[in-house]
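*Asks:* Spelled out from the first residue to the last, the chains are:
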Amino acid sequence: MQNKKTSKSVKTPQASKAAGTQKKKVKAESKLNELQSSLERKTVVMQGNEAVAYGALDAGVNFFAGYPITPSTEVAEILSAELPKRGGTFIQMEDEIASICAITGASLAGAKALTATSGPGFSLMQEGMGFAKITETPCVVVNVMRNGPSTGMPTSPGQGEIQQSRWGSHGDAPAIVLYPDSVKESYELTIRAVNLSEKYRTCVVLLLDEVIGHMRESVTLPDMEKVRVISRIKPTVPPNWYKHYDENQKYLSPLASFGDGYRFHVTGLTHDSHGFPTGKPTESAEMNDRLRRKITHNIRDLVQIESHQMEDAEIAIFAAGITARSAKAAIAMARYRGIKVGLLRPLTIWPFPDDAVRKMLRNVETVIVPELNQGQFSREIIRLTKDKSEGDVVLIKKVNGQLITPNDILRRIKEVI
Amino acid sequence: MEKSYEVRLSGSGGQGLILGGIILARAAVLDKHKITQTQSYGPESRGGYSRADVIISDRDIFFPEATNFNCLLALTQEACDKYIFDLREDGILIVDTTFVKNLAIVADNTYELPFTEIAQEELGSAITTNVLSLAFLVKITDIVSEKSLETSIKESVKPAFVSLNIKAMKLGFKLAKNYGN
Numbered sequence: 001m002q003n004k005k006t007s008k009s010v011k012t013p014q015a016s017k018a019a020g021t022q023k024k025k026v027k028a029e030s031k032l033n034e035l036q037s038s039l040e041r042k043t044v045v046m047q048g049n050e051a052v053a054y055g056a057l058d059a060g061v062n063f064f065a066g067y068p069i070t071p072s073t074e075v076a077e078i079l080s081a082e083l084p085k086r087g088g089t090f091i092q093m094e095d096e097i098a099s100i101c102a103i104t105g106a107s108l109a110g111a112k113a114l115t116a117t118s119g120p121g122f123s124l125m126q127e128g129m130g131f132a133k134i135t136e137t138p139c140v141v142v143n144v145m146r147n148g149p150s151t152g153m154p155t156s157p158g159q160g161e162i163q164q165s166r167w168g169s170h171g172d173a174p175a176i177v178l179y180p181d182s183v184k185e186s187y188e189l190t191i192r193a194v195n196l197s198e199k200y201r202t203c204v205v206l207l208l209d210e211v212i213g214h215m216r217e218s219v220t221l222p223d224m225e226k227v228r229v230i231s232r233i234k235p236t237v238p239p240n241w242y243k244h245y246d247e248n249q250k251y252l253s254p255l256a257s258f259g260d261g262y263r264f265h266v267t268g269l270t271h272d273s274h275g276f277p278t279g280k281p282t283e284s285a286e287m288n289d290r291l292r293r294k295i296t297h298n299i300r301d302l303v304q305i306e307s308h309q310m311e312d313a314e315i316a317i318f319a320a321g322i323t324a325r326s327a328k329a330a331i332a333m334a335r336y337r338g339i340k341v342g343l344l345r346p347l348t349i350w351p352f353p354d355d356a357v358r359k360m361l362r363n364v365e366t367v368i369v370p371e372l373n374q375g376q377f378s379r380e381i382i383r384l385t386k387d388k389s390e391g392d393v394v395l396i397k398k399v400n401g402q403l404i405t406p407n408d409i410l411r412r413i414k415e416v417i
Numbered sequence: 001m002e003k004s005y006e007v008r009l010s011g012s013g014g015q016g017l018i019l020g021g022i023i024l025a026r027a028a029v030l031d032k033h034k035i036t037q038t039q040s041y042g043p044e045s046r047g048g049y050s051r052a053d054v055i056i057s058d059r060d061i062f063f064p065e066a067t068n069f070n071c072l073l074a075l076t077q078e079a080c081d082k083y084i085f086d087l088r089e090d091g092i093l094i095v096d097t098t099f100v101k102n103l104a105i106v107a108d109n110t111y112e113l114p115f116t117e118i119a120q121e122e123l124g125s126a127i128t129t130n131v132l133s134l135a136f137l138v139k140i141t142d143i144v145s146e147k148s149l150e151t152s153i154k155e156s157v158k159p160a161f162v163s164l165n166i167k168a169m170k171l172g173f174k175l176a177k178n179y180g181n
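Order-wise, the sequence lines are chains A and B.
Using this note's numbering, the letters of the first sequence map in sequence onto residues 1 to 417.
Using this note's numbering, the letters of the second sequence map in sequence onto residues 1 to 181.
Since the hints were derived computationally from the structure, they do not count as laboratory data.
Virtual Cβ for every residue (Gly too), placed ideally from N, Cα, C.
Wrong hints could be hidden among the right ones.
Said to hold, decoys possible - A few chain A residues facing chain B, derived, Cβ under 8 Å:
no., residue
1, PRO154
2, ARG216
3, GLU217
4, ARG325
5, SER326
6, LEU410
To be verified - Computed list of chain A residues with no C-beta within reach of chain B, every gap over 12 Å:
no., residue
7, ASP58
8, ASP172
9, ASP181
10, LYS226
11, HIS265
Chain A with its partners taken away, still in its complex shape (with noise of 0.2 Å):
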């Protein structure tokens, strides 16, 4: 990001210092201060992996404890010079299982914590993830994916964990999982991604594709004043009324944090509304459907779609990330042929968007599912597929580190007419 001074607003601090009144200082420090946050606010070149870390910083988030890991390293490297700059911490760890770990404890003390990885980093969270789950504390893991199973190719991308974000952790617990296909959705979904975490008490997951977290593009963020955040809802109650997980009519309960004067206890064991363990059968089926109520119950505030050119589509498009960029593409070459095609892009993958998929499968002949991976997305739209044959749902699948181009896609479409 461009920090430069103008002439002018060093001047300032200067002229107000010959005043020597201490009031008029402060002003026009403040003044400085919007002065050079306006500044900031130009239009820039930048990666999505840069975009994460600033839209983290705008959310609000002051612990980053992570193991740099490429595709991802560049969120650490940018929060590891801004999070000191601000009154934040930044915690190199030892591995992915202690990153995790550090950024659920910090955010149990009242900290909005983040972490980024890659999939082999991902992986070792996936334990600690559930923890965060079950004892409904809030933090956001940011996913670069890279290509293949363990180290793979690191440089390269692939969509190999559509799924495991969904179900890597044991448990069966819900996930809320979001995925941008540019750099501003980058910075805006990271934004959301920390709100969401704090208005759900859950472990949010935001993937990016390799691509995306690599490439430039040119962005204006918004003003910070147009920027909304969301913070936990601290408990109103007096300290011995306090109850960990207490729901409100939402499904959302008040969160205390450590040193706040409020007692409870923290245990990755089934536990009572006061956080201590129970095994009685009644008490666990209550935790763990309330897990699962806080996001079937709220899915119209999660679920985000974009719906392209889908309204004379005979033929669909379901991709999400990277490769939604690339059906766009192969949409306006198809359309330019006179073929109406349309994409369905899921911003929010998880909770899948049921809704809309049966919607789009009940007006098209076909849909085209584009993915960097076996076939993970199409799993979920042939799920939907009740009353289809299954030939209506093709598969463009691609796993050797490289992009499904437009012309791949377009070469299906020509298929299938």
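On the provided structure of chain A, position chain B as indicated by the hints.
*Replies:* Structure of chain B alone, referenced to chain A:
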């Protein structure tokens, strides 16, 4: 400018191609265009393959990688062999003859100069090859203004290296101006 202009800068890791891509992208944004800048490179920090793509357009750019280049810069034989067939028929090919000895096909608009040698001899350092060849490319293709390129270089390289890179830029412009004479 036509619909969109695709540039691929290719060579090996350590030649500064991604920085070259960033400089070109920033210059295009200064000229009020839309851009995407992507890259592909191996896990090594030096050696191995490396490429940077810049797409410049006045419309939204959907697919961010260059597939059918208007201009290809190849600084190594391997890169030249790999990408030359994806150059458009009317595209511009610029090669560094320090390392590129054979051309699989000769494009109509081919520019051949030993950029690395020139950088070493005239500027005292081969690390300026990226900016030298980029300035040459900009002067030949006219895709961004010379002024924006200069501003972009100043914003993109470390302060200690600004004057050296500006020198490299000016030499690149001069080489393009005198090319063929």
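*Asks:* It remains to establish, for every hint, whether it holds in the given structure.
*Replies:* Evaluation of the provided hints:
1. Proximity of PRO154 (chain A) to chain B holds as hinted, the smallest CB-CB distance being about 5 Å (cut-off 8 Å).
2. About 4 Å separates the beta-carbon of ARG216 (chain A) from the nearest beta-carbon of chain B, less than 8 Å, and the hint is met.
3. Because the closest C-beta pair between GLU217 (chain A) and chain B is about 6 Å apart, less than 8 Å, the hint holds.
4. A hinted interface residue such as ARG325 (chain A) counts as satisfied when its beta carbon comes closer than 8 Å to some beta carbon of chain B; here the least separation is about 5 Å, so the hint holds.
5. Taking 8 Å as the C-beta contact cut-off toward chain B, the hint placing SER326 (chain A) at the interface holds, the least distance being around 5 Å.
6. Checking LEU410 (chain A) against chain B: minimum C-beta separation of about 11 Å lies over 8 Å; hint violated.
7. The non-interface label for ASP58 (chain A) is consistent with chain B: the shortest C-beta to C-beta separation is roughly 21 Å, beyond 12 Å.
8. The claim that ASP172 (chain A) lies off the interface holds: its Cβ sits roughly 36 Å from the closest Cβ of chain B, which is beyond the 12 Å cut-off.
9. The beta carbon of ASP181 (chain A) sits about 10 Å from the closest Cβ of chain B, which is not more than 12 Å, so the claim that it is off the interface is violated.
10. Distance to chain B confirms LYS226 (chain A) as a non-interface residue, since its nearest Cβ pair spans about 22 Å, more than 12 Å.
11. Listed as a non-interface residue, HIS265 (chain A) keeps its Cβ farther than 12 Å from every Cβ of chain B; the least gap is roughly 45 Å.
Comparing the model with each numbered hint stated earlier shows that hints 6 and 9 do not hold.
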